[in-house]
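Enquirer: Spelled out from the first residue to the last, the chains are:
There are 2 protein chains.
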Amino acid sequence: MQTIEWKRNKIRIIDQTRLPAELVYVDLNSLKSVWWAIKKLKVRGAPAIGIAAALGVYLGMRNCPAKNFNKFYSRLDSVIGYLKKARPTAVNLSWAVERLREQALAHCNKDTDLLKRCLLEEALEILQEDKDVCRKMARLGSKLIKSGDNILTHCNAGALATADYGTALGVIYEAKKQGKKIKAYADETRPILQGARLTAWELMQQGVDVTLICDNMAADLMKEAKIDKILVGADRIAANGDTANKIGTYNLAVLAYFHHIPFYVVAPASSFDLTLKSGADIPIEQRDGREVRQVHGRLLAPKKVKVYNPAFDVTPQRLISAIITEKGIFRKPYRTSLKKLLK
Amino acid sequence: MQTIEWKRNKIRIIDQTRLPAELVYVDLNSLKSVWWAIKKLKVRGAPAIGIAAALGVYLGMRNCPAKNFNKFYSRLDSVIGYLKKARPTAVNLSWAVERLREQALAHCNKDTDLLKRCLLEEALEILQEDKDVCRKMARLGSKLIKSGDNILTHCNAGALATADYGTALGVIYEAKKQGKKIKAYADETRPILQGARLTAWELMQQGVDVTLICDNMAADLMKEAKIDKILVGADRIAANGDTANKIGTYNLAVLAYFHHIPFYVVAPASSFDLTLKSGADIPIEQRDGREVRQVHGRLLAPKKVKVYNPAFDVTPQRLISAIITEKGIFRKPYRTSLKKLLK
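Just so you know, the sequences run in chain order V and C. Just so you know, we're using this note's numbering here: the first sequence kicks off at 27 and counts up by one. Just so you know, we're using this note's numbering here: the second sequence kicks off at 27 and counts up by one.
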């Protein structure tokens, strides 16, 4: 199972909207198809979105007829701007496409065919780095996990969100590989149900003992002392540690705080946006109300009912016990620890 | 719109599993059909279940051929036992059918035809009382509501849960009638989606400004200071004030506590079970995992994934700002206040 790969000059992704009913691979061959795949959540998860977007830049540039750098760069700039609009919250998308821009600028004196090759190489480098980063985070994070732990997770921060075995779920896989006994609980994660559709499926595939719950059952589980740790991913982390992640993450963080349960964020350095002072500056994507009113196209609620549907929420840093990255485990005060570690 | 009524010697209910797609009335003509209607949530909401069960006792007895009290009572006892098993958590069911037992015992010297009439009269009395009780709770509760309040509610504690206009939602209706401006937010309330299907529909029917959210969005709304008060119903309240209500209620109570938002329970005296010292003694119904895995028969998750699906959770009394009943507004310490007020 490979969530995203570069194969025969195309991006091959698992169409995550079809899971768990069917495991379907889709080839993306054009800039536009990448944009839609990101927008429609065929590919999702901050790291995977970053990789898809980077390869998308190459797809958008490979047939560019420009022979001089200025024309080439002008097209590149518009391709990058276009892709950034697909989803605003996850900073990895922006981070990845900006890396390609830098690559182009660094080689502005090369001919455009070579520039195109540079772009592809950089995108594939991002993909390869993500694999290494997943393993590093998992090894570091697994030190925090004890045998017998019951771990609750939200949304999908696993293999389906990355090029390797995930951020939060990577920690579980690594702990399991070390022989630790883990019992996982997956929030179903309304409205898109990434927990029910993706995390439950992925954990079962990997032989992890997983129990699915509705999002509103997490509090009860915590009260019944059935949760030892909470592990989640991140879409963007501000300089003070405030973390944007899938809607419902903040809910869990408050519950964890109330029940004295450690709450860990697992995310690569590419998820940090140190230009933002705090979570208040993170743009939050508002999505179509039909995602809440309907499931699989079937109406659950009155057709015309007003809906509030933010795709993400922001967890204030004070509720986060630690942030696990490939560069180390960060603890409070994040404003100073992040500065040192991300240099 | 009448959620439950006695019409032409049958119970007429709205089949709530069909809402909001269609408003369908169903006649219940037998004990068994009442049991299934309760079990399958065609009729739901603690007060409405109580009324249905009381009338169900009459349906179970009206063709009883027994001519002497002992035989009559033996049948009555088994009918009552049978109905109690339909749903274990809401105490109103038990409270209502026990009222019919007491009625029978009080008239044990009467002939059985007269006894049957007594049972029907008592059941209809329970129905009538519920209407009065709804109005009284709403009037009392509305005093706590200010114009401009944004009120979040969970599950359905409205007209569809009672014989009149509800418990928690009754307070909103009454406040609105008094000219107060109210903005309501409805949790969709997974897994059965009573909030999306019933509360959103009911509030829209009544012209209340309502916004639907997924359960995991409530925390974000509270952080954004968009919620002033939380109003919920109850299925059973122990002597110390601990309250069992729809799964997810405890989640809201923790969030309310964290965000300093008043959290009110609105429930009739029939929802109290003073024989129970605390919420730990309240039996919690565990329901079929398919309710979580599927929506409208369509699989959302791996078919064989383990599921935790408690129908209710227990909110500890310390998180409850006040309990609004027809007999007054109770405040902490509940152990003493409840004793006085429920005499």
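A couple of the hints might just be wrong.
Given that identical chains are not distinguished, each listed pair holds provided it fits within a single copy or across any two copies.
The calculated lysine to aspartate or glutamate pairs, modelled on EDC-like cross-linking and capped at a C-alpha distance of 20 angstroms, are [unchecked claim]: (1) K332 x D235; (2) K110 x D307; (3) K97 x E128; (4) K249 x D307; (5) K332 x D254; (6) K58 x E128; (7) K252 x D175.
Please keep in mind that the hints were generated in silico from the structure rather than gathered at the bench.
Enquirer: The structure should be examined with respect to each hint, and the outcome stated for every one.
Expert: Taking the hints in turn, this is what the structure says about them:
no. : hint        : result
1   : K332 x D235 : between (38 angstroms within a copy, 9 angstroms between copies)
2   : K110 x D307 : within (17 angstroms within a copy, 54 angstroms between copies)
3   : K97 x E128  : within (16 angstroms within a copy, 90 angstroms between copies)
4   : K249 x D307 : between (33 angstroms within a copy, 15 angstroms between copies)
5   : K332 x D254 : between (37 angstroms within a copy, 19 angstroms between copies)
6   : K58 x E128  : neither (22 angstroms within a copy, 73 angstroms between copies)
7   : K252 x D175 : within (9 angstroms within a copy, 36 angstroms between copies)
In summary, the structure is inconsistent with hint 6 from the numbered list given earlier, while agreeing with all the others.
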